[in-house]
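So the sequence lines, in the order shown, correspond to chains A and B. The numbers in our numbering rise by one with no breaks, and the one at position 106 of the first sequence is 106. The numbers in our numbering rise by one with no breaks, and the one at position 37 of the second sequence is 37.
Worth flagging that the hints you see were computed from the coordinates, not collected in a lab. Any given hint could turn out to be false.
Unchecked claim - Quick partial rundown of chain A residues pointing at chain B, CB under 8 Å, derived from the structure:
(1) Pro43
(2) Ile49
(3) Gly60
(4) Arg63
(5) His105
(6) Pro107
(7) Arg139
Stated by the list, open to error - Negatives, chain A to chain B, calculated, CB over 10 Å:
(8) Gly15
(9) Cys25
(10) Arg28
(11) Ile29
(12) Asp62
(13) Leu64
(14) Asp66
(15) Ala77
(16) Arg90
(17) Gly123
Claimed, not checked - Across the chosen pairs, the derived CB separations fall in these ranges:
(18) A/Gly27 / B/Tyr122: 20 to 28 Å
(19) B/Ala143 / A/Ala13: 38 to 46 Å
(20) A/Ala143 / B/Phe138: 54 to 62 Å
All C-beta atoms in this analysis are idealised placements derived from N, C-alpha and C, irrespective of residue type, glycine included.
Protein chains: 2
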Amino acid sequence: MHAALAAAHGAAADGEVPVGAVITCEGRIVASAGNAPRGQCDPTAHAEIRAIRQAAQALGRDRLEDCDLWVTLEPCAMCAGAIAHARIARLYYGASDPKGGAVEHGPRLFSQPTCHHRPEIYGGIGEREAAGLLRDFFRDRRA
Amino acid sequence: MHAALAAAHGAAADGEVPVGAVITCEGRIVASAGNAPRGQCDPTAHAEIRAIRQAAQALGRDRLEDCDLWVTLEPCAMCAGAIAHARIARLYYGASDPKGGAVEHGPRLFSQPTCHHRPEIYGGIGEREAAGLLRDFFRDRRA
Numbered sequence: 001m002h003a004a005l006a007a008a009h010g011a012a013a014d015g016e017v018p019v020g021a022v023i024t025c026e027g028r029i030v031a032s033a034g035n036a037p038r039g040q041c042d043p044t045a046h047a048e049i050r051a052i053r054q055a056a057q058a059l060g061r062d063r064l065e066d067c068d069l070w071v072t073l074e075p076c077a078m079c080a081g082a083i084a085h086a087r088i089a090r091l092y093y094g095a096s097d098p099k100g101g102a103v104e105h106g107p108r109l110f111s112q113p114t115c116h117h118r119p120e121i122y123g124g125i126g127e128r129e130a131a132g133l134l135r136d137f138f139r140d141r142r143a
Numbered sequence: 001m002h003a004a005l006a007a008a009h010g011a012a013a014d015g016e017v018p019v020g021a022v023i024t025c026e027g028r029i030v031a032s033a034g035n036a037p038r039g040q041c042d043p044t045a046h047a048e049i050r051a052i053r054q055a056a057q058a059l060g061r062d063r064l065e066d067c068d069l070w071v072t073l074e075p076c077a078m079c080a081g082a083i084a085h086a087r088i089a090r091l092y093y094g095a096s097d098p099k100g101g102a103v104e105h106g107p108r109l110f111s112q113p114t115c116h117h118r119p120e121i122y123g124g125i126g127e128r129e130a131a132g133l134l135r136d137f138f139r140d141r142r143a
């Protein structure tokens, strides 16, 4: 999660909402990305989507059954859907997101009967730093 | 929808599940893509995601408020989430998807209170051809 938090700091430095994600495969980091929809001019460029795409490229396959995803914020519906498509084994996330999260909030995507893959899920990992980073970012933006 | 169906035929020819998507802006096609997770080695490479990324690149912005998306199959949760993030104005889709769809099935994403953008939605456009294409593809794959 330290690497995911570092990617989130990088996103903040680029003026993006500070969320970072890392994918590990057998304990080794195979992808790391910050949130970058503005910089990349791509509304799908959330940290999780970018990390999944990077990992799939690096490993040369579109299923990541032996990979874990670490992200500083509860994934939204788009990213939770991508995690299911990628068959990620374990999802570790930091801060919860009552407004946009889709794991423990809103559609609770992995609990839907139509969800075809549910990772093991661990929330609240590094939550304090992840949430603080987001709070500071939005406070500075309002200032 | 003819162009989206053509993109779906292209996906089938490449051995991918035949779904195609097109984005129009003021009546002009700005992006067109077929489903390609295997070919692109990218679990997020659904037709809708590819078309949204293409359109955002072409228009040089990450919000597509003046764009419509045409897709041959009811979008899944990942793609419906991306459509909301991209602020697509109107969504036209062909066949419904009781197994994986997230518009009129499963999480019904655009009806969730946490959904921050809901396009106008028109289902069943070119449904017969879109559904036939999928049926033929899965029949041939089982054969």
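- Query: Which of the numbered hints are not met once you compare them with the structure shown?
  - Reply: 7, 12, 13, 15, 18, 19
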